[in-house]
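Visitor: This is what each chain is made of:
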Amino acid sequence: TQLLEQSPQFLSIQEGENLTVYCNSSSVFSSLQWYRQEPGEGPVLLVTVVTGGEVKKLKRLTFQFGDARKDSSLHITAAQPGDTGLYLCAGGSNDYKLSFGAGTTVTVRA
Amino acid sequence: GAVVSQHPSWVICKSGTSVKIECRSLDFQATTMFWYRQFPKQSLMLMATSNEGSKATYEQGVEKDKFLINHASLTLSTLTVTSAHPEDSSFYICSASRAIEQYFGPGTRLTVT
Numbered sequence: 001t002q003l004l005e006q007s008p009q010f011l012s013i014q015e016g017e018n019l020t021v022y023c024n025s026s027s028v029f030s031s032l033q034w035y036r037q038e039p040g041e042g043p044v045l046l047v048t049v050v051t052g053g054e055v056k057k058l059k060r061l062t063f064q065f066g067d068a069r070k071d072s073s074l075h076i077t078a079a080q081p082g083d084t085g086l087y088l089c090a091g092g093s094n095d096y097k098l099s100f101g102a103g104t105t106v107t108v109r110a
Numbered sequence: 001g002a003v004v005s006q007h008p009s010w011v012i013c014k015s016g017t018s019v020k021i022e023c024r025s026l027d028f029q030a031t032t033m034f035w036y037r038q039f040p041k042q043s044l045m046l047m048a049t050s051n052e053g054s055k056a057t058y059e060q061g062v063e064k065d066k067f068l069i070n071h072a073s074l075t076l077s078t079l080t081v082t083s084a085h086p087e088d089s090s091f092y093i094c095s096a097s098r099a100i101e102q103y104f105g106p107g108t109r110l111t112v113t
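Residue numbers (the working numbering), protein chains in the order written: chain A, 1 to 110; chain B, 1 to 113.
In case anyone wonders, no lab produced these hints; they're calculated from the structure.
Errors might be hidden in some of the hints.
A short, non-exhaustive set of chain A residues, derived as facing chain B with CB atoms under 8 angstroms [said to hold, decoys possible]:
#1 T20
#2 S27
#3 A68
#4 T84
#5 L88
#6 K97
Calculated lysine-lysine pairs in the DSSO-like style (CA-CA distance at most 27 angstroms, straight line) [said to hold, decoys possible]:
#7 A:K70 to B:K41
#8 A:K97 to B:K41
#9 B:K64 to B:K20
Calculated from the model, a selection of chain B residues having no Cβ within reach of chain A, i.e. all distances over 12 angstroms [as the list claims (entries may be wrong)]:
#10 K14
#11 T32
#12 G53
#13 F67
#14 L76
#15 T78
#16 D88
#17 S89
#18 S95
#19 A99
#20 E101
#21 Q102
#22 T108
No residue lacks a Cβ here, since even glycine has one placed at the ideal position from N, Cα and C.
When you get a sec, could you build the whole thing from the sequences and use the hints?
Guide: Here it is as structure tokens:
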């Protein structure tokens, strides 16, 4: 059973459009991490958020951690084909283990 | 910084043989490393937590005698799949922990024939 629910499962958009991926849970996490994974490779860490209500921006990517530390979102502005990949959210616990969501496959068409 | 390597990147072995996969943190020391398994089109499933100098902690349903983990130093953990069978074929990924963050290796594709 996934502790973290990600939505949507698949997302296909045109280059230049915006997109948002959601990550929701009934559990409280000490941290929330977002990763991007390409086929045949390991996940690459994009960001870590630890404070409820925290917002972090990395160029065209904006990450938000919910006030109650149970949910998070990833927003990409003006998506590019290079943003294509599997986006995974992962909730951290006090024993440093991560619980992963099922992932969102994002395809940005040129 | 925070680079993790895995070796080999892919391996094909015959049923009944054993395969060892290495995970190294190249530019930092990791007291804790994790081993995951990933099936096609699915997310990562945690198999075990590897702690330097102590026995690994396995997740429920993971056979510790089949998946042997050794964490001999702060930069190296190994996973040995013993008596491999076709159902063990999968993508195995390790991660190394630095503070609250995990940095992942590139993965090892295991195919058992």
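Visitor: Now look at each hint and say whether the structure bears it out.
Guide: Hints versus structure:
{"no.": "1", "hint": "T20", "verdict": "violated, 19 angstroms"}
{"no.": "2", "hint": "S27", "verdict": "violated, 16 angstroms"}
{"no.": "3", "hint": "A68", "verdict": "violated, 19 angstroms"}
{"no.": "4", "hint": "T84", "verdict": "violated, 15 angstroms"}
{"no.": "5", "hint": "L88", "verdict": "holds, 6 angstroms"}
{"no.": "6", "hint": "K97", "verdict": "holds, 7 angstroms"}
{"no.": "7", "hint": "A:K70 to B:K41", "verdict": "holds, 25 angstroms"}
{"no.": "8", "hint": "A:K97 to B:K41", "verdict": "holds, 22 angstroms"}
{"no.": "9", "hint": "B:K64 to B:K20", "verdict": "holds, 14 angstroms"}
{"no.": "10", "hint": "K14", "verdict": "holds, 23 angstroms"}
{"no.": "11", "hint": "T32", "verdict": "violated, 6 angstroms"}
{"no.": "12", "hint": "G53", "verdict": "holds, 16 angstroms"}
{"no.": "13", "hint": "F67", "verdict": "holds, 17 angstroms"}
{"no.": "14", "hint": "L76", "verdict": "holds, 17 angstroms"}
{"no.": "15", "hint": "T78", "verdict": "holds, 17 angstroms"}
{"no.": "16", "hint": "D88", "verdict": "holds, 18 angstroms"}
{"no.": "17", "hint": "S89", "verdict": "holds, 15 angstroms"}
{"no.": "18", "hint": "S95", "verdict": "violated, 8 angstroms"}
{"no.": "19", "hint": "A99", "verdict": "violated, 9 angstroms"}
{"no.": "20", "hint": "E101", "verdict": "violated, 5 angstroms"}
{"no.": "21", "hint": "Q102", "verdict": "violated, 6 angstroms"}
{"no.": "22", "hint": "T108", "verdict": "violated, 10 angstroms"}
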